[in-house]
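Residue numbers (the numbering used here), protein chains in the order written: chain A, 1 to 251; chain B, 1 to 265.
Note that these hints are calculated values from the structure, not bench results. Using N, Cα and C, we set each Cβ at its ideal position, and we do this for glycine too. Please note: incorrect hints may appear among the correct ones.
What the hints assert, rightly or not - Now the in silico label distances, taken between C-beta atoms and shown as ranges:
#, chain 1, residue 1, chain 2, residue 2, range
1, B, Lys-136, A, Phe-191, 18 to 28 Å
2, A, Asp-130, B, Ala-26, 44 to 54 Å
3, A, Glu-117, B, Ala-235, 34 to 44 Å
4, A, Ala-71, B, Thr-22, 27 to 37 Å
5, A, Lys-30, B, Lys-57, 49 to 59 Å
6, B, Leu-171, A, Glu-127, 56 to 66 Å
To be verified - 25 Å max Cα-Cα, derived SDA-like pairs, lysine to any residue:
#, chain 1, residue 1, chain 2, residue 2
7, A, Lys-73, A, Glu-161
8, B, Lys-236, A, Gln-89
9, B, Lys-136, A, Arg-72
10, A, Lys-114, B, Asn-141
11, A, Lys-112, B, Lys-136
12, A, Lys-177, A, Gly-41
13, A, Lys-225, A, Phe-206
14, A, Lys-114, B, Val-37
15, A, Lys-112, B, Arg-46
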Amino acid sequence: MDQPLIQFDSVHKSYGDNKVLRGVDLAIYKGEITTIIGKSGEGKSVLLKHIIGLVKPDSGNILFEGQTLFARKKSERDALRKKFSYMFQDSALFDSMTVFDNIALPLREGTKMKSGEIGDCVRKRLEQLDIGGIEAKYPGQLSGGMKKRVALARALVTDPEIVLFDEPTTGLDPIRKQSVHTMISDYQKRFGFTGIMVSHEIPDVFSISQRVAMLHEGKILFQGKAEDLLIDEDPVIKGFIQPQGLDLNDF
Amino acid sequence: METLIVNPVRNTGRNTLALITTLGRAGVFFVRSVFFVFYLPFQWRRTLEQVYFIGAKSVTVIILTGGFTGMVLGLQGYYTLSKFGSEGLLGSAVALTLIKELGPVLTAIMVIARAGSAMAAEIGIMRISEQIDALKTMNINPIRFLVSSRLLAGVLSFPLLTALFDTVGILGGYLTGSKLLGINPGIYFYRVETSVLMSDVREGFIKSVVFALTVITVSCFHGYFTHLRKEGFGAKGVSLSTTTAVVQSCVIVLIVDYVITSFLL
Numbered sequence: 001m002d003q004p005l006i007q008f009d010s011v012h013k014s015y016g017d018n019k020v021l022r023g024v025d026l027a028i029y030k031g032e033i034t035t036i037i038g039k040s041g042e043g044k045s046v047l048l049k050h051i052i053g054l055v056k057p058d059s060g061n062i063l064f065e066g067q068t069l070f071a072r073k074k075s076e077r078d079a080l081r082k083k084f085s086y087m088f089q090d091s092a093l094f095d096s097m098t099v100f101d102n103i104a105l106p107l108r109e110g111t112k113m114k115s116g117e118i119g120d121c122v123r124k125r126l127e128q129l130d131i132g133g134i135e136a137k138y139p140g141q142l143s144g145g146m147k148k149r150v151a152l153a154r155a156l157v158t159d160p161e162i163v164l165f166d167e168p169t170t171g172l173d174p175i176r177k178q179s180v181h182t183m184i185s186d187y188q189k190r191f192g193f194t195g196i197m198v199s200h201e202i203p204d205v206f207s208i209s210q211r212v213a214m215l216h217e218g219k220i221l222f223q224g225k226a227e228d229l230l231i232d233e234d235p236v237i238k239g240f241i242q243p244q245g246l247d248l249n250d251f
Numbered sequence: 001m002e003t004l005i006v007n008p009v010r011n012t013g014r015n016t017l018a019l020i021t022t023l024g025r026a027g028v029f030f031v032r033s034v035f036f037v038f039y040l041p042f043q044w045r046r047t048l049e050q051v052y053f054i055g056a057k058s059v060t061v062i063i064l065t066g067g068f069t070g071m072v073l074g075l076q077g078y079y080t081l082s083k084f085g086s087e088g089l090l091g092s093a094v095a096l097t098l099i100k101e102l103g104p105v106l107t108a109i110m111v112i113a114r115a116g117s118a119m120a121a122e123i124g125i126m127r128i129s130e131q132i133d134a135l136k137t138m139n140i141n142p143i144r145f146l147v148s149s150r151l152l153a154g155v156l157s158f159p160l161l162t163a164l165f166d167t168v169g170i171l172g173g174y175l176t177g178s179k180l181l182g183i184n185p186g187i188y189f190y191r192v193e194t195s196v197l198m199s200d201v202r203e204g205f206i207k208s209v210v211f212a213l214t215v216i217t218v219s220c221f222h223g224y225f226t227h228l229r230k231e232g233f234g235a236k237g238v239s240l241s242t243t244t245a246v247v248q249s250c251v252i253v254l255i256v257d258y259v260i261t262s263f264l265l
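Same shape as in the complex, but just chain B (with noise of 0.2 Å):
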């Protein structure tokens, strides 16, 4: 009896509350980091340092990503707007398509793979080494020194490598739609010009934003409460919290595009 009635009953309840416990935890976790972004003196050399890892070392994959997205949007897009006799609104479909929608999200989640792993793994390295304790017993705020810094740049990183996504992805498009498939250039990018308002681009650096504050603020809480995991210790907590960071940061992209999306339509 108790097995089938009350054991059900005990573990909902206590997962529920595990839920609750580590929503809580999370909540606090971002609240004290954003904190941290503003409290003096200012952390400049940290920032930069994290922009160059977050940013500048993305701009590759973001170039190849946002080149061939952009190429099979020109010729998805190509195929379906000519059984319509509208191909000449590629450029239209192609920017409004990576501006909105595919530039933010494959920009955060080509990120994830490669920043969002790389924090949940050294901050986690960092825990179980005793180097996190060792922070605060030289009375240096260990959210501020790690997080922090990390939040701020990838706020200003977010944005710029989503541009980036979404001109190459344009550029992508260009050249499958234009040079070869024989679309007019100037009707590509005239389409461009025109289709675009300022409202899709505020839209895209919306999301973008909050991509970044979603993505570093899960990467990094999972390396940070690395000891906290039961179903591992050690090197394997720290393999669990990578999969569990990179994992979770891109179902919740996703999801807060999707609530982002419906808001500002």
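Just chain A, same shape as in the assembly (with noise of 0.2 Å):
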């Protein structure tokens, strides 16, 4: 197998007494789509939060394509965070800015692209996210759904080669759900960008991701394809996946 893009090496994290990874070992690849699964409250997002470096583990290792992530220079890894994009779990819009302004900010911070070019990109992610016509709002004047939809505009709006989604699809109706499913998939598609999501629609994200990983009491359980994942024996993971009533003649 081709070596794994980002790959975590018995990572710990803990927040005082609390133990929050206790030895994550995962491996992720270039161009699939990856989904972490797990109950609320695992780690899942601080797990994502470490991959972008705005969490940093108390040991082990974080490599992105080999080499340890934070033993590089901090130059290299303000290059490196170019690269990606995530998109939060509770959408983290700047509530000061218009709608407009916030998918703008990355072109505007990021880019050397004109007022102009950036106006006809923001307003393309939005006609495809369905919410055009909704520029001026401010995120306080939309719905936990368009909020959602705005974070995703945001996050892919630079064509990152990397994208972190916490729970994109959290809030928004099985329709909007859906769209959302189908428009990250028909991304990665195009352009071919390496996906890192956390969620819970299961099994509508199995669909979508080329790999899942199981996080559980701070290790990985899991890691593999979907299809593996159930026909597992391990009782938690059937524990986990039985609820959910999933059988494998659902793909």
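Starting from two chains that each stand alone, build the complex the way the hints lay out.
Next up, the structure:
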């Protein structure tokens, strides 16, 4: 198998007495969508934040293309971060900026595009996500679902190589949920980005994920294809999957 | 025994370490904020927005406070000086008090109340709602984006607001001293003109610039590190950060005022 793009090597992270990650080993491959599942409060978002450097591990290594992430020079890490994009669980939109400015900000600050080009780019993304016409509104004037889609538009506007999605469809109705999943999948196929997604939308996410990893009690209990997860005999995995009424025939 | 001897020593040590850590963090925060002011590309648009917020929107409150402070100085000064038959010196007393002392200090306190509290609250809310993390994920330096432009805007706005405060205050002194109490306007303004030296104006200017750096740094610092507060999280944390920013800024302004005055005298 190819070298993983991102690799967790026995990563530990605690907050006070709360041991969140207790030796995570995980491999993420280029050009695939890897979905991380697990119960709420297991540390899936913490794991995701390690990848982009918002959180540093207490011990263990995170390798990017075989090189330790935190051993790199700051300039290298900054250059690396330009390849990433992150969609936050609670959207993290700038509430004192309009929707347009929210989506345009990464382009204004990180590229040399002219304002006309930025405007076209932002409007295109808004149309693709079916939220055209809300450019002048503020995040506080939007519903939860709309905020999610604005956050998604912001995450994808720079055409990143690696996109981290923290529960991108929570709070959306089933139709929107499906459309966001389809869009992520379509974009991934078109641009070939590497997607790492935390989601509770089982089994919906399995259809767009090439790999699934299950986090349980601070460790990766399973990583591999969704089909293999469904036939895994581990009682914890079965206990997690069965309440969803999943069957291999669903795929 | 442990309760009586060890615990107080332990608490003193812990609090001292916490204080040193906070001071170190604030020092690094200040140095980085100043450094990013000069980091290209220059943030013209954001700086102008902050000049508008800190400076232009404070004009009304500065005119009001400056005017009434000058009027009170005129009243008090007149009755005090008249005891010595020196009411003709009212112009000097009002102008020097305002330019050297009250102008910079009261302007700083007004801006703390109006803009410093708002900065601490805004940045604090951005911190607890992960907006600052979002900036980092976009490779945007949050200190440069949020603090440096405010710092520069403060350095530009404070001296101008102080000058406005002084001018309106001198006019306020004229209103009570001349119009109300009958001092000859010519004498009042002659005394203002002859007693105020360039060194006095420079002292007021230096104070206003130092106060700007202090107020903006303290206000932004408390907002930026809201998440590290142990006494409260979320909305309560933001509220505590805002209160601390206002109280600390006011106290530091008065301490710094004393230090600068003692050096410049």
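These are the hints, each one checked on the structure:
no.	hint	in the structure
1	Lys-136(B) <-> Phe-191(A): 18 to 28 Å	holds, 23 Å
2	Asp-130(A) <-> Ala-26(B): 44 to 54 Å	holds, 46 Å
3	Glu-117(A) <-> Ala-235(B): 34 to 44 Å	holds, 39 Å
4	Ala-71(A) <-> Thr-22(B): 27 to 37 Å	holds, 30 Å
5	Lys-30(A) <-> Lys-57(B): 49 to 59 Å	holds, 51 Å
6	Leu-171(B) <-> Glu-127(A): 56 to 66 Å	holds, 58 Å
7	Lys-73(A) <-> Glu-161(A)	holds, 20 Å
8	Lys-236(B) <-> Gln-89(A)	holds, 22 Å
9	Lys-136(B) <-> Arg-72(A)	holds, 17 Å
10	Lys-114(A) <-> Asn-141(B)	holds, 21 Å
11	Lys-112(A) <-> Lys-136(B)	holds, 19 Å
12	Lys-177(A) <-> Gly-41(A)	holds, 22 Å
13	Lys-225(A) <-> Phe-206(A)	holds, 9 Å
14	Lys-114(A) <-> Val-37(B)	holds, 23 Å
15	Lys-112(A) <-> Arg-46(B)	holds, 17 Å
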